[in-house]
Each structure stands twice: as C-alpha cells, then as structure tokens.
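*Asks:* Taking the working numbering, the leading residue of the sequence shown gets 40, the next gets one more, and so forth.
If you're looking for bench data, these hints aren't it; they were derived computationally from the structure.
Any given hint could be a false lead.
Claimed, not checked - Derived pair list, reagent style BS3-like, types lysine-lysine, alpha-carbon separation capped at 25 Å:
no., residue 1, residue 2
1, Lys-196, Lys-154
2, Lys-232, Lys-154
3, Lys-163, Lys-114
4, Lys-240, Lys-108
5, Lys-253, Lys-196
6, Lys-100, Lys-161
7, Lys-92, Lys-158
8, Lys-46, Lys-234
9, Lys-73, Lys-114
10, Lys-191, Lys-158
11, Lys-234, Lys-154
12, Lys-134, Lys-234
13, Lys-196, Lys-138
14, Lys-110, Lys-154
Said to hold, decoys possible - Simulated restraints, written as ranges between beta carbons of each label pair:
no., residue 1, residue 2, range
15, Asn-57, Lys-154, 27 to 37 Å
16, Gly-162, Asn-136, 14 to 24 Å
17, Leu-195, Asp-85, 34 to 44 Å
18, Asp-227, Val-111, 39 to 49 Å
We treat Cβ as the ideally placed atom computed from N, Cα and C, and that holds for glycine.
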Amino acid sequence: MNFLTEKNGIIYEVFRENDMEQTIACIIETFTRKEPMVIALGIIPDENLFFVKIVCEKAVKDGLSIVAKDKVTGKVIGFCLSEDLESEPPEGFDKINMKIHPILELLTRLDEEYKKSRKVIKGKFFHLYMVGVSEPFEKQNIGTTLLDENLKLAKLKNFSVAIAEATGSVSQHIICYKLGFNEMFAIDYKSFKYKGKNVFKNIENSPSCILLEKRFN
40 MNFLTEKNGI
50 IYEVFRENDM
60 EQTIACIIET
70 FTRKEPMVIA
80 LGIIPDENLF
90 FVKIVCEKAV
100 KDGLSIVAKD
110 KVTGKVIGFC
120 LSEDLESEPP
130 EGFDKINMKI
140 HPILELLTRL
150 DEEYKKSRKV
160 IKGKFFHLYM
170 VGVSEPFEKQ
180 NIGTTLLDEN
190 LKLAKLKNFS
200 VAIAEATGSV
210 SQHIICYKLG
220 FNEMFAIDYK
230 SFKYKGKNVF
240 KNIENSPSCI
250 LLEKRFN
C-alpha cells in the first residue's frame, strides 16, 4: 500500500515509478531555487537533471522515499528521498556533472566522520537524503510532515537510527527542533575547500552543513 496519510488537502505516499517525472521536476525546481550549495556553484537545471534522475530511479527501487501530492490536482508538490546509509550509489553515479562534485565531496566528508563514530550496519541506518517542497506550497508544514512520515516508514522497516545532512538554516531548524535530531558533525562553508578553492565562501544564510542523528526508541 502506497498511501500513508492525508493532511490539509495533501496526500503523502511512498514514492513510486509513476510519480518519477513530476518528482524530478519538483526536485530540480526546489534545489535550483533554495539549496545553498547548488546556488553557490551556479548549477542550472540541465546540469542537475542526470544526477536527480538516477537518484530518483534508485529511490523508487529502494521503496524508502515519500512524495507529497496536492489532493485536488494529484500533482507532486514535495518529496523526501531516503536510502539505507550502506546501500550502493545509484547506477551512473560516475557520470554525473562535474559541477556537482564539490557538494558530494562535502557530504561524503561528513558521512565519513560519522562512520568513524558508529558501527554502521546495513538495514539499520536510515539516510534522509533530500527534502523539499514546491514554492506555492511552502510554509504549510509539508516539509516537516514529509520528514515525519518518512521516519515512521523507517521504523516500520526496522531501521534503528536516522541521519540527515541539513544544508540550510530552515532544514536545520526543522530536523533539530521539531523532529528531535542531535547534531553530530558540521563543516563550515567558508572554510571548506574543494581542489584548493573555497567554493562555498559566498553562502550567507547558514554558516555550515550539519550532520544530524536520531535514534529510534
């Protein structure tokens, strides 16, 4: 059963293949407009398309991700893509646009620090990978509900721990203060270097990217 819940005219479902096209469009629109590192690197939609496509294909196969739909139109207006932290990268990962590499390098460094502190076991560590909401539906608590429903799904799948890399001040506030995650590691944007360059020095709305953890009871 794909349906999870309905709140205030928004339906929350497990992400399936028939929602692929709309979800890809929603991710690209959201990340081009809101994601601090994407904006800092000047990544345009076409440069992000292949990466988003292969991530979505993996998410559908894994069955661990959530989408939000407008009940009236049936259109995908939000997403929360997740994975097993120990799962393999999506097929085609080695072919992604070079402009995305600094983002992945920063996130990889955070994950590596985390894995040094934990014995990470396949099937037990749930990785909240991407979350976003289309602009007309912002400030309606949809992002928080997506995350909350995804955490419920993780518990049903017998995961023990959830982690997330929160890249901006809004996601950091929601994940920390609304969902009860704890800060584990952080990388300061202005001091981070990729191939000797401070590629994120112009990010102003948040000083750092933070890896957060929540243990399920």
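*Asks:* Next step is simple, just say for each hint if it's right about the structure.
*Replies:* Verification of the supplied hints:
{"no.": "1", "hint": "Lys-196 / Lys-154", "in the structure": "holds, 21 Å"}
{"no.": "2", "hint": "Lys-232 / Lys-154", "in the structure": "holds, 21 Å"}
{"no.": "3", "hint": "Lys-163 / Lys-114", "in the structure": "violated, 32 Å"}
{"no.": "4", "hint": "Lys-240 / Lys-108", "in the structure": "violated, 36 Å"}
{"no.": "5", "hint": "Lys-253 / Lys-196", "in the structure": "holds, 15 Å"}
{"no.": "6", "hint": "Lys-100 / Lys-161", "in the structure": "holds, 16 Å"}
{"no.": "7", "hint": "Lys-92 / Lys-158", "in the structure": "violated, 31 Å"}
{"no.": "8", "hint": "Lys-46 / Lys-234", "in the structure": "violated, 46 Å"}
{"no.": "9", "hint": "Lys-73 / Lys-114", "in the structure": "holds, 20 Å"}
{"no.": "10", "hint": "Lys-191 / Lys-158", "in the structure": "holds, 23 Å"}
{"no.": "11", "hint": "Lys-234 / Lys-154", "in the structure": "holds, 23 Å"}
{"no.": "12", "hint": "Lys-134 / Lys-234", "in the structure": "holds, 19 Å"}
{"no.": "13", "hint": "Lys-196 / Lys-138", "in the structure": "violated, 35 Å"}
{"no.": "14", "hint": "Lys-110 / Lys-154", "in the structure": "violated, 40 Å"}
{"no.": "15", "hint": "Asn-57 / Lys-154: 27 to 37 Å", "in the structure": "holds, 35 Å"}
{"no.": "16", "hint": "Gly-162 / Asn-136: 14 to 24 Å", "in the structure": "violated, 31 Å"}
{"no.": "17", "hint": "Leu-195 / Asp-85: 34 to 44 Å", "in the structure": "holds, 37 Å"}
{"no.": "18", "hint": "Asp-227 / Val-111: 39 to 49 Å", "in the structure": "holds, 43 Å"}
In the structure shown, a violation is registered for the earlier hints numbered 3, 4, 7, 8, 13, 14, 16, in ascending order.
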